[in-house]
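Visitor: Protein sequence lines correspond, in order, to chains A and B. Read left to right, the first sequence gives residues 159 to 403 (our numbering). Read left to right, the second sequence gives residues 271 to 438 (our numbering).
Quick caveat, the hints were computed from the structure, so don't treat them as lab data. Hints are supplied without guarantee of correctness; some may be wrong.
As the list claims (entries may be wrong) - In silico lysine-lysine, DSSO-like type, Cα no more than 30 Å apart, as pairs:
#1 K435/B <-> K226/A
#2 K380/B <-> K262/A
#3 K424/B <-> K330/B
#4 K435/B <-> K241/A
#5 K380/B <-> K248/A
#6 K262/A <-> K248/A
#7 K402/A <-> K380/B
#8 K226/A <-> K322/B
To be verified - One side only, chain B facing chain A, incomplete, derived with CB under 7 Å:
#9 Q275
#10 I276
#11 T285
#12 M306
#13 S409
To be verified - If you want the ones that stay clear, here's a sample from chain A, every Cβ over 10 Å from chain B, calculated:
#14 T207
#15 C212
#16 A229
#17 G275
#18 L276
#19 E279
#20 R297
#21 M307
#22 G334
#23 S336
#24 M382
C-beta: ideal position from N, C-alpha, C; glycine also.
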Amino acid sequence: MKREDFIKRGLGSLGLFAVIPALSSCVRDEVVADTTTSSSTAITSDPTTTPSSCSVTNSETEGPFPTKSPATLVTNNIVSDRKGTPLTLKIYIRNINASCAIMKDAIVDIWHCDAAGLYSEYGGTGMQSTDMTAVHFLRGRQTTDTNGMAAWTSIYPGWYSGRAPHIHVHVYNSSGKSLLVTQIAFPEEVSKVVYAQGVYASHGQADTTNARDNVFSDGTTNEMSVVTGSVSAGYVLTHTIYVKG
Amino acid sequence: MAKAQIRLAFRIIITKDSQSRWEKYVWDSTYQEFLMQSQLYNDAENPWTTFKQLVSRNEKAEQLHFLVSMAAHPYLLQWKGLTYLMPDVLGNNYLPFQNYRLDIIDSSIKDKHAHEIGIIFYSPLLTLVDIIEGHYLVSTNENIYEGVETTMYKIQPRLSIVYYKPLE
Numbered sequence: 159m160k161r162e163d164f165i166k167r168g169l170g171s172l173g174l175f176a177v178i179p180a181l182s183s184c185v186r187d188e189v190v191a192d193t194t195t196s197s198s199t200a201i202t203s204d205p206t207t208t209p210s211s212c213s214v215t216n217s218e219t220e221g222p223f224p225t226k227s228p229a230t231l232v233t234n235n236i237v238s239d240r241k242g243t244p245l246t247l248k249i250y251i252r253n254i255n256a257s258c259a260i261m262k263d264a265i266v267d268i269w270h271c272d273a274a275g276l277y278s279e280y281g282g283t284g285m286q287s288t289d290m291t292a293v294h295f296l297r298g299r300q301t302t303d304t305n306g307m308a309a310w311t312s313i314y315p316g317w318y319s320g321r322a323p324h325i326h327v328h329v330y331n332s333s334g335k336s337l338l339v340t341q342i343a344f345p346e347e348v349s350k351v352v353y354a355q356g357v358y359a360s361h362g363q364a365d366t367t368n369a370r371d372n373v374f375s376d377g378t379t380n381e382m383s384v385v386t387g388s389v390s391a392g393y394v395l396t397h398t399i400y401v402k403g
Numbered sequence: 271m272a273k274a275q276i277r278l279a280f281r282i283i284i285t286k287d288s289q290s291r292w293e294k295y296v297w298d299s300t301y302q303e304f305l306m307q308s309q310l311y312n313d314a315e316n317p318w319t320t321f322k323q324l325v326s327r328n329e330k331a332e333q334l335h336f337l338v339s340m341a342a343h344p345y346l347l348q349w350k351g352l353t354y355l356m357p358d359v360l361g362n363n364y365l366p367f368q369n370y371r372l373d374i375i376d377s378s379i380k381d382k383h384a385h386e387i388g389i390i391f392y393s394p395l396l397t398l399v400d401i402i403e404g405h406y407l408v409s410t411n412e413n414i415y416e417g418v419e420t421t422m423y424k425i426q427p428r429l430s431i432v433y434y435k436p437l438e
């Protein structure tokens, strides 16, 4: 089966099943309404009959009234608690199946490591020890605007052994079907300046050049970003990604 | 017994049969995220159907536990540090949590009803004062000999002590 088919079915089934929980939640709402609106409690099923004994209705344990929220991923500023040189990302998506035109409403996920070369992720065992509000640092999702652009505020990624500095990108169409998983490379002269200062300095210079990198060694023609700015003013990364829309 | 510093962990299971609105939102949201993010690890032309199949073929798909948790995170924040599905014996106080960890039990790109997740809530460190009639008697205060406020949680399935340090 093609990916398009399965994702259509998957997302289609969301709509289909939504009917069933809606029905069952109606039933539950009635029960909840019953118990919370009456301060004294009926034990019998017939509300007009006074029971011989009764006790206070259990309090509602569902917690605060929940509101629908987008995933934590959907955020412009993905810095969270991480420290580093500011980096603004401007990623443009173009469609090779539409004469290379810009693609609006594409969903773009990005993720990269922090200054020390670490990704946000679950550790091997047990529980996280990090602050709960900072568990998903340096990961974000945006939808491209009418210019085909998605933008984030982040920090310049660090590096880890064996890889040249990079940012991961996953591009979907507007219905969530995966179009491309790729990576963005950085100009080495800029990385050298960034890694010589601030929170990056103690980690030193990247140990892998773009030419020796497993991912980029086949050429970075389509993956090299344009990075402008300075350490003091922050940097702006601009990059265009071409997908088969 | 007791007089120890402990951490309690409580795990909930969210399935198609979960009843509360909060659980339904988490279920919907994490399934949508699973559909999207699982494509990172699946084969585009011949995708594996279930999460368990995917993980057995591509162990990197274990990352999906974490990645899918991003869809549940806003709902966890709405609880503001209280595990509303774990009340104390009074019924209107709740086990505080500092951290949580989401796991995908199984899911399917073809059948939403197969989507099941677990969430473990981890309490801050508590003082276990005693175990009374099948209840943990705990306090957030360590100086129990001076008299402290306590609360009681019934010993029950999926409520576990995950850290233990004896106190003198």
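Visitor: If a hint holds in the structure, say so; if it does not, say that too.
Guide: Against the structure, the hints come out as follows:
| no. | hint | verdict |
| --- | --- | --- |
| 1 | K435/B <-> K226/A | violated (40 Å) |
| 2 | K380/B <-> K262/A | holds (28 Å) |
| 3 | K424/B <-> K330/B | violated (38 Å) |
| 4 | K435/B <-> K241/A | violated (34 Å) |
| 5 | K380/B <-> K248/A | violated (35 Å) |
| 6 | K262/A <-> K248/A | holds (14 Å) |
| 7 | K402/A <-> K380/B | holds (24 Å) |
| 8 | K226/A <-> K322/B | holds (28 Å) |
| 9 | Q275 | violated (16 Å) |
| 10 | I276 | violated (14 Å) |
| 11 | T285 | violated (11 Å) |
| 12 | M306 | holds (5 Å) |
| 13 | S409 | violated (22 Å) |
| 14 | T207 | holds (26 Å) |
| 15 | C212 | holds (16 Å) |
| 16 | A229 | violated (4 Å) |
| 17 | G275 | holds (17 Å) |
| 18 | L276 | holds (13 Å) |
| 19 | E279 | violated (5 Å) |
| 20 | R297 | violated (7 Å) |
| 21 | M307 | holds (21 Å) |
| 22 | G334 | violated (5 Å) |
| 23 | S336 | violated (4 Å) |
| 24 | M382 | holds (23 Å) |
Going through the hint list in order, the structure does not satisfy hints 1, 3, 4, 5, 9, 10, 11, 13, 16, 19, 20, 22, 23.
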